[in-house]
Amino acid sequence: MNWPTLSVIALALTLTPQTASAHRLMPAGEAAQVARSDMTVTPTIQWNKISQRPGERAERWTLDGELLNDVVFFGGVEDGAPLLREVNRRENPLPHFSSTMLPTDIAPLLESTLRITQNISSFDVSNVAPATFLDAAGVQFEYRMLGADDITRQGRAVASIIGGKLYMITYDAPAEYFYPRNLLDVERIVASARL
Amino acid sequence: MKPALLAAAMAATLALPPATAWAQTDGEFPVPTYEGAYQPQDSDERGLWSQDDESERQLRDADAVIRDPALNEYVRSVLCRAVGDKRCEAVRIYIVRVPIFNASMSPNGTMRVYSGLLLRVRSEAELASVLGHEFAHFELRHTLERYRSRRTGSDIAAWATVLGAAAVTWGGGSSYSSRDMQVSIYGNIMHFERNQERFADTLGFGYMAASGYRPSAAAEVWRAVMNETDQTALDRGRRSNRYDNVAFFASHPTNLERADTLSALANRVVAAGDYEGRQRHETALAPHMAMFLADELARNDFGGTDFIIQRLANENVTAPLLFARGELYRQRGHPRDLASATNFYHQALALDPSLGDAWRGLGLAQLRSGNTMEGANALRTFLERVPDAPDAPMLRMMIGDQ
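In order, the protein sequence lines correspond to chains A and B.
Just so we're aligned: the first sequence equals residues 1 to 195 in the working numbering.
Just so we're aligned: the second sequence equals residues 1 to 402 in the working numbering.
Hints may contain errors.
The calculated label-pair distances, taken between Cβ atoms and stated as ranges, are [unchecked claim]: (1) Arg385(B) / Asp79(A): 48 to 58 angstroms; (2) Arg336(B) / Gly65(A): 38 to 48 angstroms; (3) Glu54(B) / Gly163(A): 50 to 60 angstroms; (4) Glu86(A) / Arg385(B): 30 to 40 angstroms; (5) Asp79(A) / Asp235(B): 14 to 24 angstroms; (6) Gln51(B) / Thr100(A): 45 to 55 angstroms; (7) His23(A) / Tyr38(B): 46 to 56 angstroms; (8) Arg336(B) / Ala136(A): 22 to 32 angstroms; (9) Ser51(A) / Ala313(B): 45 to 55 angstroms; (10) Ser126(A) / Arg336(B): 31 to 41 angstroms.
The set of hints was computed from the structure by calculation and includes no laboratory data.
Ideal Cβ placement from N, Cα and C applies to all residues, glycine included.
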């Protein structure tokens, strides 16, 4: 590790202590605009919005912390852009969304993105099926992944490519207890999504 | 920054000796008499062992460990042949599912072998050279030496470890407990000194000479990993003349001469064997190749992955390799890539007509190229063969068969 790297880490640790990121409460029953896009959702229970955006066109909601329940909204990822913020553009660049992608290409795009950003060890996709999302023909799929923390998470995603841009909502949580506990709440969020 | 650090954290135990530093006379690669079962001697060493024991307990139960008995037995047999049965008894091997070139060994005898290493070596001899090198660090108790020199040296190194480890957190960076687990699974941050690398290589060549494996395989492995790094850089449009981002070069800036040095060194091993073990290696890896290749594809490293596939295919072109290459090109998705992918899928099917997934890839590549009719036909063939594929409903919808 070289000195510039070290000093950046030191600086990062000094400036952004883990407790400093303020989250915002998203009240139940109120339509909220998400991911700096025209997409709105109306939650039926209170959620916390994590103030640090995970990507240019992404927004993260959670109930108990992102490791326990992680809902990410993608509001119009453009052609040539990554889904999430680059963690190391030089050495481990993220894959880019392309507007010519087929519905079946979305799951591998998410897999590669999560493998690089979260160092997950395995990612298995199932139940890839057509879905209507934001009044457009899209795709939904489920995934099961093993994190670097050796916890197995279950996930679900629904996505549509509208006007060459990717709109998607993903939800993942530890497969034990947490995932089933709030699946219905997330399904309601997805059903309430409007563009 | 995180992945670079993580790479360093996950890896870092393999490295090469400096190109100079070698002034051996012929045949001087002695293997000392093995001391047999060893117990930690003083408080430093007992401390390291107890940390290691705790790590190993977590690793033992980790889901990221590949437990297939046949594969584990194979890797173990290569290590045992390389270092001898007596030494081998001191080791517990854990094959960890991480698509990066690395292996490491900790003081209490825990050896971590990454799946990415297994994918990148082509024969028993190549695998033996890496495992032998790692074992040599263990036998020479380099971790302890390093720990002591670090503790008595400047505090900077210690802080680098603390800060580096703190930066390696999961996802959004809000988890510390997961870091402990990560270290347990992937191994600790460990950089060896240059002279330690030299001693480990001397002993490593000693093992190779005694075991009958072809010693020059060592140089080929190192060279291939450097070439892979070059290809990664080239594909991303930047220069590469340092390899400090590669897991096992993490502690040393290095250059291509090193591989040549190793090569020259290998030639000096007297009474060297020529056992390669290519067939046995391929047979042992075959059931896992599809998974290892799929993990590799998700790294989003077109140049590096293409290099790995071609290096393996140079020895033996197989349908899974051609299929993986098709997937790699289809994934990048430029129009020319889709044409190449189509070609690779056809070649894969020519070698192994039963490879159903190649029909899927072929169909999707055609569809994305705008060849709707051919694409739909290929996907229909796929769905006939694999009617309950995970994405069957979506594919049926895409070709209008729902």
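Do the hints match the structure? See the list:
In this structure the supplied range 48 to 58 angstroms is violated for Arg385(B) paired with Asp79(A), their Cβ-Cβ distance being about 34 angstroms. Checked against the given bound of 38 to 48 angstroms, the beta carbons of Arg336(B) and Gly65(A), roughly 45 angstroms apart, stay inside it. Separation of Glu54(B) from Gly163(A) is about 53 angstroms and conforms to the stated range, judged on CB atoms against 50 to 60 angstroms. Roughly 39 angstroms separates the CB atoms of Glu86(A) and Arg385(B), a value that falls within the hinted 30 to 40 angstroms.
Taking the beta carbon of each, Asp79(A) and Asp235(B) are about 20 angstroms apart, inside 14 to 24 angstroms as hinted. The hinted window of 45 to 55 angstroms between Gln51(B) and Thr100(A) holds, with their beta carbons roughly 51 angstroms apart. Taking the beta carbon of each, His23(A) and Tyr38(B) are about 51 angstroms apart, inside 46 to 56 angstroms as hinted. The given range of 22 to 32 angstroms is respected by Arg336(B) and Ala136(A), whose C-beta atoms sit roughly 30 angstroms from each other.
Restraint check, Ser51(A) to Ala313(B): a C-beta distance of roughly 48 angstroms satisfies the suggested window 45 to 55 angstroms. Checking the proposed 31 to 41 angstroms range against Ser126(A) and Arg336(B) shows it holds: the Cβ atoms sit about 32 angstroms from each other.
Violated hints amount to a single one, hint 1; each of the other numbered hints is respected by the structure.
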